[in-house]
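*Asks:* First to last, the sequence lines map onto chains A and B. Okay, so the first sequence: first residue is 1 according to UniProt numbering, each after it adds one. Okay, so the second sequence: first residue is 1 according to UniProt numbering, each after it adds one.
Hint data in this document are derived by calculation from the structure and do not stem from the laboratory. Be careful, since some hints might not be right.
The list makes no distinction among identical chains, and a pair is therefore deemed to hold if it is satisfied within one copy or across any two copies.
[To be verified] List of simulated lysine-lysine pairs, DSBU-like, C-alpha gap at most 35 Å:
#1 K84 - K297
#2 K42 - K6
#3 K195 - K232
#4 K84 - K238
#5 K34 - K84
#6 K84 - K260
#7 K45 - K320
#8 K129 - K42
#9 K297 - K238
#10 K45 - K35
Protein chains: 2
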Amino acid sequence: MAVTIKDIATALRISPSTVSRALNDHPNISEETKKQVAAKAKEMKYQANFIAAGLRTKRSNSIGILVPHITSSFFASAIDGIQKIVSDHGYYSIICQSNEDYHNEIDQIRSLLSCKVEGIILSIASDTKVFEHLETLEAYDTPFVFFDRIAPGFDTPTVEANDFAGGFQAVEHLIKRGRKRIAHLGGPGLLGISKSRYEGYLEALRTYDYEVNEDFVVFTDPDEKHDAIIEKMFEDPKNMPDALFTFSDELAVESILKLKRMGYNIPRDVSVVGFGNSNLCEIVEPNLTSVTHEPIKMGEAAAELLFKVIQNRHIPPHQKNQKFDSRVIIRDSSR
Amino acid sequence: MAVTIKDIATALRISPSTVSRALNDHPNISEETKKQVAAKAKEMKYQANFIAAGLRTKRSNSIGILVPHITSSFFASAIDGIQKIVSDHGYYSIICQSNEDYHNEIDQIRSLLSCKVEGIILSIASDTKVFEHLETLEAYDTPFVFFDRIAPGFDTPTVEANDFAGGFQAVEHLIKRGRKRIAHLGGPGLLGISKSRYEGYLEALRTYDYEVNEDFVVFTDPDEKHDAIIEKMFEDPKNMPDALFTFSDELAVESILKLKRMGYNIPRDVSVVGFGNSNLCEIVEPNLTSVTHEPIKMGEAAAELLFKVIQNRHIPPHQKNQKFDSRVIIRDSSR
DNA sequence: CTGAAAGCGCTTACAG
DNA sequence: CTGAAAGCGCTTACAG
């Protein structure tokens with residue numbers, strides 16, 4: 001059997017109350033007693049029971065993290081940042097994955113609520129189109145913060161990358177390099193971040209009085225055949241794009257490999273810019289220019305915001321919806 | 001305030017005991033009552049409190065996962081596999097990272113124990129050289145399973161990749177391609193998996209009566225300057241290796257890029273084989289031959305084992321220490 | 001088939 | 001500075 005506060009109390013012939021206070025460094029307890037208790041606890045290999053304490057204090061010292069998948073390096077890094085802040089606060093985190101599935105998302109949220117987490121950092125599944133399940137969060141007074149993927153119509157803090165600005169900067173960079181016919185290979189159409197990057201693309205074209213060519217924009221899903229899309233877009237050498245801005249580094253890399261197989265030189269014939277600044281950038285040849293986010297900082301910011309809500313601290317309006325600016329990391333694929 | 005079993009009981013003018021039994025589908029409760037309770041629970045938006053239930057039943061329905069870092073694709077995939085099994089069992093998991101740091105590892109284990117997880121899947125930090133902190137796990141009767149990185153001297157189940165066989169197969173493959181002077185760029189010397197891959201390398205050389213050349217073996221840490229190591233190993237074209245087997249795909253890719261900058265052709269001058277079969281393999285040029293593990297299956301196996309221990313079910317001796325065989329995925333870097 | 005009562009391991013207002 | 005007592009939300013042996 002595990003050692004409890006009561007066992008320590010009996011061993012020391014004092015009351016459980018005193019042991020509890022000593023262990024929690026309560027000011028009213030004498031140093032003498034504290035020392036004795038600490039020594040005995042160590043000797044008896046006492047391990048605090050957070051569960052019992054949580055039940056009593058109605059604070060579980062835990063938060064939930066729900067992301068589409070943990071295997072994406074973006075989310076993995078974000079979790080890194082979140083966990084740093086979480087353990088600084090003496091909390092622990094329960095991480096769940098929705099696998100981009102709506103029903104899974106509902107189940108996971110329910111499970112987090114039953115674990116009585118004090119708050120949730122939430123990145124909605126690409127599959128999710130309705131948001132009633134999130135209203136239950138509000139109903140249960142469980143604070144939450146949207147991370148990267150944001151459901152409309154909630155008055156909660158949000159942390160996201162400024163995808164619009166990222167798209168804009170990527171395309172502006174290509175324009176400044178003298179590219180005239182800039183294509184866009186977009187992500188899943190449902191995803192807000194796909195739309196924002198696309199809108200940044202559009203805005204840059206408009207700003208520089210470029211014409212928008214509809215044949216040069218295609219939205220894709222991860223499991224699609226991208227090769228065929230590239231092939232089609234670049235089949236006519238006289239009429240093809242001279243630059244390609246993609247939704248992700250993965251798409252950019254696939255495009256580069258395909259374009260090279262088609263006999264094009266990168267960046268001479270086609271400049272390519274990706275998104276994410278992943279570890280792939282410095283491996284593909286030529287090295288890939290990419291828009292960088294800062295997932296770790298974003299994760300930290302989301303956790304900080306969540307703790308402010310949990311602690312009922314005031315969040316200045318300008319901090320409530322944070323957008324993290326992106327930068328274009330220029331490499332050989334667009335020089 | 002959150003709705004409790006008591007609230008439902010009062011609303012229905014029955015006892016909390018009955019509500020509890022109805023919610024848990026106890027056989028003694030009439031269908032009639034069960035239906036009423038279910039309806040009321042839904043109407044009142046009742047969310048079970050796992051914390052309270054856990055305190056009472058002394059089962060937390062949670063397990064802990066402690067890995068060096070979540071951002072490695074190997075561990076991220078393993079967690080994927082673990083979580084699948086964990087939620088099949090109606091459990092949830094608390095994921096912690098040691099960041100390869102010994103003291104962190106101790107803290108995280110303590111925290112998992114205080115969360116009263118029913119078991120832990122554990123991958124020790126590369127930093128960890130002594131294992132007393134793991135003895136406390138045994139002292140607290142918290143079952144655990146070693147995953148991928150195994151501490152010596154514990155009678156607990158283990159799941160690992162057969163790194164020895166992986167190293168052997170990689171080198172055997174190079175030998176069969178006619179390579180004569182096979183070098184090895186190893187991982188952190190402290191890590192068991194580094195040693196095993198190296199021993200597989202040695203064993204293959206011995207099996208085929210190759211001489212072992214000590215200048216052709218270097219162990220490295222992730223933060224070292226690998227370029228200099230490669231440069232030195234390949235500085236003398238007359239005396240250099242004609243093949244390189246590396247501890248990881250990252251090392252292999254770095255090597256390929258460096259060797260290409262040195263003017264060598266891969267695989268004509270040097271064949272390269274990595275380890276991990278990561279997403280880098282099909283991006284680097286030439287595409288990288290690599291030894292593949294199966295992290296998802298390994299994660300599933302570890303979780304299955306842990307649940308067997310938790311449930312006191314018998315583990316047949318041949319299942320207790322599982323090694324997952326590897327395969328060499330042949331690509332252009334060694335053709 | 002249902003209920004009253006005890007208790008899981010803690011914390012804390014109250015009393016001294 | 002310390003203790004006795006109540007209670008967090010559940011489950012379950014016992015009784016009927």
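*Asks:* First find the shortest C-alpha distance between K45 and K35 inside one copy, then the shortest across copies, and answer within, between, both or neither for a cut-off of 35 Å.
*Replies:* Within. Shortest intra-copy distance 15 Å satisfies the 35 Å Cα cut-off; inter-copy 46 Å does not.
*Asks:* How would you classify K34 and K84 at a CA-CA limit of 35 Å: within, between, both, or neither?
*Replies:* within (30 Å within a copy, 44 Å between copies)
*Asks:* When no copy is named, should K84 and K297 be tagged within, between, both, or neither for a Cα gap of at most 35 Å?
*Replies:* both (10 Å within a copy, 29 Å between copies)
*Asks:* For K45 and K320, with the copy left unspecified, which applies at a CA distance of at most 35 Å: within, between, both, or neither?
*Replies:* For K45 and K320, the Cα distance is within 35 Å only across copies (29 Å; inside one copy 44 Å).
*Asks:* Since the copies are identical, ignore which copy is meant and state whether K84 and K260 lie within 35 Å (CA to CA) inside a copy, between copies, both or neither.
*Replies:* Intra 42 Å, inter 39 Å, cutoff 35 Å: neither.
*Asks:* Indicate which option fits the pair K84, K238 if close means a Cα-Cα distance not exceeding 35 Å: within, between, both or neither.
*Replies:* neither (53 Å within a copy, 51 Å between copies)
*Asks:* Could you place K195 and K232 in one of the four classes (within, between, both, neither) given a Cα distance threshold of 35 Å?
*Replies:* within (23 Å within a copy, 49 Å between copies)
*Asks:* State whether the alpha carbon distance between K297 and K238 is at most 35 Å within one copy, between copies, both, or neither.
*Replies:* neither (44 Å within a copy, 49 Å between copies)
*Asks:* My question is about K42 and K6: at a cut-off of 35 Å on alpha-carbon distance, are they close within one copy, between copies, both, or neither?
*Replies:* This pair counts as within: shortest intra-copy Cα distance 14 Å, inter-copy 39 Å.
*Asks:* At most 35 Å between C-alpha atoms: does K129 with K42 qualify within a copy, between copies, both, or neither?
*Replies:* Close across copies (23 Å), not inside one copy (52 Å); limit 35 Å.
Figure legend: structure checked against the earlier numbered hints; hints not met, in rising order: 4, 6, 9.
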